[in-house]
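**Student:** From first to last, the protein sequence lines stand for chains D and B. Per full-length UniProt numbering, the very first residue in the first sequence carries number 1; after that it's consecutive. Per full-length UniProt numbering, the very first residue in the second sequence carries number 1; after that it's consecutive.
Hints in this document: simulated from the structure, not taken from any laboratory. In this text, a Cβ means the ideal position worked out from N, Cα and C, and glycines have one as well. All the given hints hold, so there is nothing to weed out.
Facing chain B, according to a computed beta carbon distance under 7 Å, are these residues of chain D, among others: (1) LEU53; (2) ARG73; (3) ARG74; (4) ALA77; (5) LEU82; (6) ALA87; (7) THR89; (8) GLU91; (9) ARG92; (10) ILE93; (11) ILE104; (12) PRO105; (13) LEU107; (14) PRO109.
Below are the DMTMM-like pairs computed for lysine to aspartate or glutamate, each with C-alpha atoms no more than 25 Å apart in a straight line: (15) D:LYS64 with B:ASP245; (16) D:LYS126 with D:ASP181; (17) D:LYS64 with B:GLU237; (18) D:LYS236 with D:GLU253; (19) D:LYS126 with D:GLU145; (20) D:LYS64 with D:ASP22.
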Amino acid sequence: MTPLLEVVAASRMAQGRAIVSDISLRLQPGEMLGLVGPNGSGKSTLLGMMAGLIRPCRGQVRLKGLPMQALRRRRIAQLLALVAQSAETAERITVRQAVELGRIPRLGPLRPWRARDHEAVAAALKAVDMAHLAGRDWSSLSGGERQRAHIARALAQAPRILLLDEPTNHLDIHHQIAILDLIAGLSVTTVVALHDMHHALRCDRVLVMRAGRCAALGPPAQVLTPGLIRDIFAVKAEIIPHPRTGRPVFDFERLC
Amino acid sequence: MRARAARRSGVWLWLAPTLLAAALFFGVAVGETRIPLATVIDVLAVQTGLSQRVLDPIDASVIWHYRLSRAVVAACGGASLALSGLILQALLRNPLAEPYLLGISAGASTGAVLIAVAGLGGGLVGMSAGAFAGALSAFALVAGLAHVAGGGAGPRQAAVIILAGIAGSQMFNALTALIIAQSASAEQARGIMFWLLGNLSGVRWPDSWLAVPVAVLGLAVTLWHIRTLDAFAFGAEAAAALGIDLRRAQAVLIATAALVTAVMVSIAGAIGFVGLVVPHAMRFLVGTRHGRLVPATALAGAVFLVLSDVVSRIVIPGQVLPIGVITALIGAPGFALVMIRGRRR
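With the hints as constraints, model all of the structure from the sequences given.
**Tutor:** So this is what it looks like as C-alpha cells:
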C-alpha cells in the first residue's frame, strides 16, 4: 500500500550549509510522530518540507505516492494542515473567522460557503474547547488560546495529516499538557516538533535529529535513552520510574 | 445568524447601486455654474431617450459631456484606486500600503509622460500601456529595494516598504521632471504639470470607454480572489499552507492593482490616498473579511472620489482645484491616524 506521506532521502541546503540531510521516513496511518532535537537541528525545515512549503534540494517528499511538486497547493492543503510557529495577525478578526480560514482549501469562487463548512468549523472549535470564545477578537486571546485556535483552524481543514511546529512553545505547563492531550486524542496522523522529553514519551514514534540528520527513529521508550540524550543534548540524563504510575521521569544535569 | 447575514447582503444588492447612482447624480447636479435641478433632470431624461423636450444646448453639453462623463470616470477611478490599496495592504500585510505611497502612481506617471512626450503610439491606450509598464517597474523596484533592505517582520518591515516607496516615488518623479524638461514644449509642460497633480478637468466620454471596463475588470478579478486575500491574514506562508499558489496569486493581484492604477493615472494623473483612506474606513464599518470588504471598498471608493471631485469644484468659488489636493487633504490625516493606531497595537 502507498504510504500517505513519505520522505525519501530528503536534504535541504541554505547558504552552503546542510539544514536537513538525507532524512527518510514513512508515516504510519494514525500515528503520532514526535520530532526531537536541539535548536537548529532542522525540525522546522523538515516539517516545512513535509508540508510542501520548502522544496528539498535532493530527495523527495511524496504525498499519496506523488512528489509534492507534482501536486497543486490546493490539493496538498486538502490532505495536510500545518500549525506553524507564531503565526500572527494584526487584522481585527474573531476566533471564528480565523478558524474559518481552514475551509479555504475546500472553497472557491464558484464553490461557496455551505452548511458543511459551518459544521466543520463548529466541530473544530469544539474539539479545542474554544466554542465559547468563538466571537472573541484575536488580539484579546492569550498565547494558549491562540495556539488552540490555530489547531482548530488546522482541524477545520479536515486534513489526513496534521503537522505541528512546537505547539507547546511559550505555554504554561497546564496549557502544554492540555494541547498535548488534545493532539494525542485526535484521530488524524500527526507529526509534532517537541522540546520536552516527557511530551515526546507520549508519541508513538520519535525521530531524533542532530545537525539535520536522523540520529534515531523508533518508539520513545527505546529511542530516548540516557546515552542518546547525552550525545544529542550534552546533558546527563537519568530515567526514574514514577513511584506510583511507573511512567518514566527524566532528571537532567548539564555536562560542561 | 446566517439568515440575517444573507438578508443583510440582500439589502446591499439594491442599496449599493442606489448609493452609486445618488453620488453620480450629485456629481452631475453640483458644479461651478449653477444649473437648476429641473434642467439637470430634463437633460438626463432627453439624453437617455425618456423625453423629447428641447433643451438649451450649453446646459445640455455641460451636464452630459462635461459633468456626467467626469463623474463616471471619477467613480471608476475611486473604485480602482481603493481596490488597488486593498490588494496591496492584504498581500504586503502592511496597513500603509497604497499605490500612491508605494510609488506605483509615480512610476505610472513616468511611463505615461514618456509615451505622451515621445509621441509613441499616443492616445489614451498608448499612454495607459506606458503607465502600466511604469507602474510594474516601480513596484518591482520598490519591492526589490525593500527586500534587499530586509528588516525581518512586523512594524520594521512595514516601515521599510514605505521608505522604499518614498525613494521610488522621488526617483520616478525626478525622471518625469527630467523627461518634461528635456523634451516637452512649454505648453505641453504646463499641461503635464497640472495633470500630474491629479486632475479630472480634461475628462470626456472617450476616457470612460477605458475607465469603465478596466474598473469592472479590476473589481471582477478582486472578487474572484476574495478567499485568497483572506488567506493572507496570517502571512504568506500561512496562505501557502491553506492551499494558495503564492506566485500565481501574487502575480495576478499585483498586476491587477498596477493595471487599474496605471489606467487611472493616464486619465487623471496621480490621485493619492484614496487607496489608503477608503479600505480602512470600510474595515471599520464592515470588518476585515474580504467577502464584504471588497464590494464595500469598491463602492465607497467610487462615491468618495465623485464627492471629492464635487468638493474640488465648489470649495473655492470660480476656481477648480486639482482633485488630488482634496484627497490629500482628507488622506494625509487618515495616514497619520493609521500610523498612530498601528503604534498602539
